[in-house]
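So you can see what is in the structure, the chains are spelled out below.
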Amino acid sequence: MINIDILLERARVLLEQGRNKDAILQLQQALHQDPQNDFALSLMGRCLYNQKKYDEGMGFINQAISIRADEDYYFYLLAFGHYYKDQNLVAQRMLNKAIALNPYAADYFGLSALICIEEVELKDALKKANEGLEIDPENITCLNARATALNKLKQTDAAIETMRAALEQNPENEFTHTTVGWNFLEKGKHKEAAHHFREALRIHPNLESAQSGLKQALKSRIPPYRWLLQYSFWISNKGKNLQWILPLALFVLVRVVIAVLGEDSQLSIAVVSVMAAYLLFVVSSWVINPIANFTLLFNKDGKYALTNSERWSAISAVSALVIGLLMMLIGYIFSSPATVSFTDFIPGLILFSLALPLSNMQFPVSFKTKKGSGFVALILVILGLFSVLMLFIDKEGASFFLVIYFILFIGYNWTGLFRN
Amino acid sequence: MQNESIKSLHEALQYSPDNVPLRLHLAELMLQEKMYPEAAGQFTETLNRSYGNTRAQLGLASCYYHQKKYSAAVIVYEQLRDHLPQDAMVLYIRCLIKENSLQQAAELYQKILVQSPGFKDEEIDQYLRLPSSSATHQDIDEEEEMLSQKYFMEKPRLKFEDVGGMKRVKDEISLKIIDPLKNPALYKAYGKKIGGGILLYGPPGCGKTFIAKATAGEIDAKFINIGLHDILDMWVGNSEKNLHEIFELARKNAPCVLFFDEVDAIGASRSDLRQSAMRHVINQFLAELDGVQTNNEGVLILAATNAPWSVDAAFRRPGRFDRIIFVEPPDAAAREEILQSLLKEKPTESIDTKKVAEQLNDFSGADIKALIDLAIEDKLREAMSLGTIQPITTKDLLKAGRTQKPTTLEWFASARNYALYANESGLYDEILRYLKIKK
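These protein sequence lines map, in sequence, to chains U and R.
The numbering of the first sequence is numbering that gives the first Met the number 0, which starts it at 0 and goes up by one.
The numbering of the second sequence is numbering that gives the first Met the number 0, which starts it at 0 and goes up by one.
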């Protein structure tokens, strides 16, 4: 039998080398010998985190804590699991415990600051980051958290200063480059952002946040997308709940104003047009994304930055837009000017509208999709195509399907306001 | 003349028996004259009068040695252990060898070699240097046996012709390793340096170990396979000793192919490398690789990795792993060969291996093996319920191929990003070529 210390040492080295599977094999042997070894349990938890199995991982960390409740690092690990699972409140609570047990670990404050940033508690984030930096002025997590918080608080100069410090500290840190990239992106400087994302990817090519950052930076080259991105940064900095409160508030406002002043008053018209403009903006934002993705297909780097699903979603949505427009044009040209009516445009309009569900669909298409909205999108596409076909075969029968399509389409997009 | 002086000294001693220098002088003269029993007597007498006299002890031990009383000599030398002059040390070692205490002898011999590196003593060398040639000596044989078992030394019969596909890899290995070995003069004429290792990389299960073993078979050499655990234990245990041990074993058994599987494990993650203490394993490995203290002639070093990006950049310098070869998943023709060889002794029914092979894009050799296992399990169940052996058909294999995903995809998903974003020196061009990505 191999000595348990050797097994644990092996596991530790393997974990550091990113060989999670091999590390788990060693840990299983170690735990077989001593199921109550808290160090082995914590290593096991970390391996599972790396494999994105957060629930299982937290199970092991909890076991470790039940054996040694005074180890601050275990609480930090537990906080990490909750953070990944977006359970920020619990994560923060665990971090507080870790900090209470050991107030001198800068990383604990760093993670706490990052969580505050996610919760848009920017001042708290800055405070935590600064506390961490008091312990260790070179802590990369704290420096990055501080830079991001400052940037979002519009203290640009201080943010730039902090970023420079972090980069000087370690120019080969992929996380710093990613943070700097996002901060530039938020400032609308997509070229600088792209540079830093590329640098991060050169160091760690599989870093997901840098990959998505690079994608955003490349897409930002087309102005409408850039505005959209600025809007989404703005709204996410206003707090997590605004995203779904805003449309609801607007809707309530419209109803109230119309009820009080009547439909014809000028104010009502103004409010309704604001609502309509907002709806148009939100809905168009859903289509801008696939269009921006489509432009990436012709870019040297962008081509490979897209996932397969994004690529096909972009191609299909843009094709729907183009074919829809063409059909409307053909409908206009071929119908005599005297008899031109709305119905001639219906097939083109439906195809055009299909761009919306198509841009939200997962490819390759599957009926077993886990997302309910994805399933509805798929039904919409099938229904839409079917009714266009029916329009050419049996106009009377088609109207039934058209009504269903219309209702479903409105419902789909209305709920879409709250989905994102 | 000498005899006379011995005689007169002897007489003189009768009158002053306590004169220690005189007695010592006499004893040493006797020793010179090879009068060993008499000399021993005088030395003993001296020691009786002057206890612990080093000169007398050395003389006595020397007498015992010449009288073949080795164990007695060892006892005397043992007392003087730390104050032995070199010539006495040599005698001591010889005694130890005769007494079969080889390990102790070897340790002492190393001490001499440290003091005077050029030292040579044929009698000792016969036993302690080149132990592999002294087949008569059990201890050393056993130790080596233990080592070669510990590190799985074997002599593979596998040849290149047994390896399906991989033509490019075979050609590269031939050019770099096999041809220089067969035509050393030719390489010398062009001034091409022989040596350096080859690093094989690629997705798991695509035959990196297999081709390394076949390389050994091709040149009729021994093969030592150093796996992940051996490497890991370098981190855990006394790494320098283990690493040296491995290289020494290979050198002693030249020609020999020394194969490091998962060589990236020798370097740790980047964050660790900043701690300079962790670098010692790498440095030791590089020193052995370069053959700083010893000659690596006849030792061919191959290494494999699934994660070439984690391999320390220092490994890739000229003279080390200066040739880096991408071992890609087998192509359709190679897959067909693999299928055929795996199905050779199984109950089958006119299988269209070509058709199956064409369906198995991106499947590695290991994946194909797993797929056949899957098909066989299904067949076993069927055979059990029917009570007769059911042959495997093309359909079964195609079905299994649909349910199984090739494991190489995961590797390529990660490798692709390295090739796209971190391909500074064109290291991963082969991956881009395989994925048909044009940059």
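Hints listed in this document are in silico derivations from the structure and should not be mistaken for laboratory results.
Don't take every hint at face value.
Dumping the calculated SDA-like pairs for lysine to any residue here, alpha-carbon to alpha-carbon at most 25 Å [said to hold, decoys possible]: (1) R:K404 x U:D300; (2) R:K404 x U:Y48; (3) U:K299 x R:E429; (4) R:K345 x R:E409; (5) U:K51 x R:K343; (6) U:K299 x R:R432; (7) R:K353 x R:S384; (8) R:K435 x U:I202; (9) U:K394 x U:Q361; (10) U:K237 x U:I202; (11) R:K169 x R:K435; (12) U:K302 x R:L79; (13) U:K20 x R:L46; (14) R:K437 x U:D300; (15) R:K343 x R:L157; (16) U:K302 x R:K398; (17) R:K435 x U:E55; (18) U:K20 x R:D361; (19) U:K20 x R:L373; (20) U:K188 x U:Q154; (21) R:K404 x U:N49; (22) R:K394 x R:R415; (23) U:K188 x R:A421; (24) U:K51 x R:N224; (25) U:K299 x R:K343; (26) U:K302 x R:N422; (27) R:K398 x R:E409; (28) U:K299 x R:R415; (29) R:K437 x U:Q154; (30) U:K186 x U:E160; (31) U:K299 x R:A421.
Please read these numbers as outputs of a predicted model, since none were measured by experiment.
Handout entry: Restraint check for K20 of chain U with D361 of chain R, where alpha carbons must lie at most 25 Å apart
Key = holds (22 Å)
Problem - Straight-line alpha-carbon gap K353 of chain R to S384 of chain R, limit 25 Å - result: Since the Cα atoms of K353 of chain R and S384 of chain R sit roughly 31 Å apart, the hinted pair is violated (cutoff 25 Å).
Handout entry: 25 Å limit on alpha-carbon distance, applied to hinted pair K435 of chain R and E55 of chain U
Key = violated (38 Å)
Exercise for the section: Compare the distance between the alpha carbons of K404 of chain R and D300 of chain U with 25 Å, and conclude whether the hinted pair is satisfied. Expected result: Answer violated: K404 of chain R to D300 of chain U is near 28 Å, above 25 Å.
Practice task
Assess, step by step, whether the Cα of K51 of chain U is no farther than 25 Å from the Cα of K343 of chain R, and give holds or violated.
Solution key: violated (41 Å)
Handout entry: Satisfaction of hint between K435 of chain R and K169 of chain R, Cα-Cα up to 25 Å
Key = Since the Cα atoms of K169 of chain R and K435 of chain R sit roughly 23 Å apart, the hinted pair holds (cutoff 25 Å).
Handout entry: Pair hint K398 of chain R and E409 of chain R, alpha-carbon separation not exceeding 25 Å
Key = holds (22 Å)
Handout entry: Pairwise hint evaluation, E409 of chain R against K345 of chain R, where the allowed Cα distance is 25 Å at most
Key = violated (30 Å)
Practice task
Measure nothing beyond the straight line between the CA atoms of K51 of chain U and N224 of chain R; if it is 25 Å or shorter, mark the hint as holding.
Solution key: Not satisfied, since the Cα-Cα distance of roughly 33 Å exceeds 25 Å.
Problem - K435 of chain R paired with I202 of chain U [C-alpha distance capped at 25 Å] - result: Satisfied, since the Cα-Cα distance of roughly 23 Å is no more than 25 Å.
Problem - 25 Å limit on alpha-carbon distance, applied to hinted pair K299 of chain U and R415 of chain R - result: holds (15 Å)
Practice task
Would you check the hint for K302 of chain U and N422 of chain R, treating anything up to 25 Å between C-alpha atoms as holding?
Solution key: Measuring from Cα to Cα gives roughly 17 Å; hence the hint holds.
Hints 1, 4, 5, 7, 9, 10, 12, 13, 16, 17, 22, 24, 25, 29 from the earlier list are contradicted by this structure; the remaining hints agree with it.
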